[in-house]
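Turn these sequences into a full structure, and let the hints guide you.
In order, the protein sequences belong to chains A and B. Note that our numbering numbers the first sequence so that position 75 is 75, with each residue one more than the last. Note that our numbering numbers the second sequence so that position 91 is 1091, with each residue one more than the last.
These are calculated hints, taken from the structure and not from any lab test. All C-beta atoms, glycine included, are put in the ideal place defined by N, C-alpha and C. Nothing false has been slipped in among the hints.
Counterexamples of contact, computed for chain B against chain A with all Cβ distances above 10 angstroms:
hint: 1; residue: Ser-1038
hint: 2; residue: Gly-1051
hint: 3; residue: Ser-1073
List time: in silico SDA-like cross-link candidates among lysine to any residue, alpha-carbon distance up to 20 angstroms:
hint: 4; chain 1: A; residue 1: Lys-61; chain 2: B; residue 2: Thr-1105
hint: 5; chain 1: B; residue 1: Lys-1057; chain 2: A; residue 2: Tyr-95
hint: 6; chain 1: A; residue 1: Lys-49; chain 2: B; residue 2: Ala-1031
hint: 7; chain 1: A; residue 1: Lys-49; chain 2: B; residue 2: His-1029
hint: 8; chain 1: A; residue 1: Lys-49; chain 2: B; residue 2: Thr-1105
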Amino acid sequence: AQSVTQPDIHITVSEGASLELRCNYSYGATPYLFWYVQSPGQGLQLLLKYFSGDTLVQGIKGFEAEFKRSQSSFNLRKPSVHWSDAAEYFCAAFYNQGGKLIFGQGTELSVKP
Amino acid sequence: GAGVSQSPSNKVTEKGKDVELRCDPISGHTALYWYRQSLGQGLEFLIYFQGNSAPDKSGLPSDRFSAERTGGSVSTLTIQRTQQEDSAVYLCASSSLGLAGWTDTQYFGPGTRLTVL
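Laid out in structure tokens, this is it:
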């Protein structure tokens, strides 16, 4: 079955430190991959997406993600975290079956001063 | 419009009552999706519209849930005889058709928080 896994439920990092949020997908074919961010009480905002081509994808707010087919991973990174990055982050995959997004469980990011 | 809008933003209802949630997609987007976000279940797909037809209703949890889309634009999600387990945030998203019929990036609305007492 199609699934997306985010192994880390909650991560705390210090402001200015680097960040990596993990995401793994499972299926035979490579899906389209997305990272969304959700601030408290808000909807989902798209950070970046991977469809094909260059495996390192740049997004908004200084985020990037790297697609690694051999590891079925699409990890999100940021070199220096800001306090305003505290939010919940969702990895999602879209397969060519009906258009629905399959979401990971989400990773809640806390930023300490 | 500039983004996906949903109304109401909050809805409190009593168990057994019917509720209607509305989604207004981005202008020109042909695909529309409903998802539900709850504490125990995360983000779950409910239903997908392409134009006015719904090729995938597989996520609707019971026959109390229904949705329609008219004029290829606004969609309404209806929950009949609400139960406490229906309490959740209901998110709507829209996208435009990409190449070869594949749908493209989904843009989400702010959601409707439903509380069933």
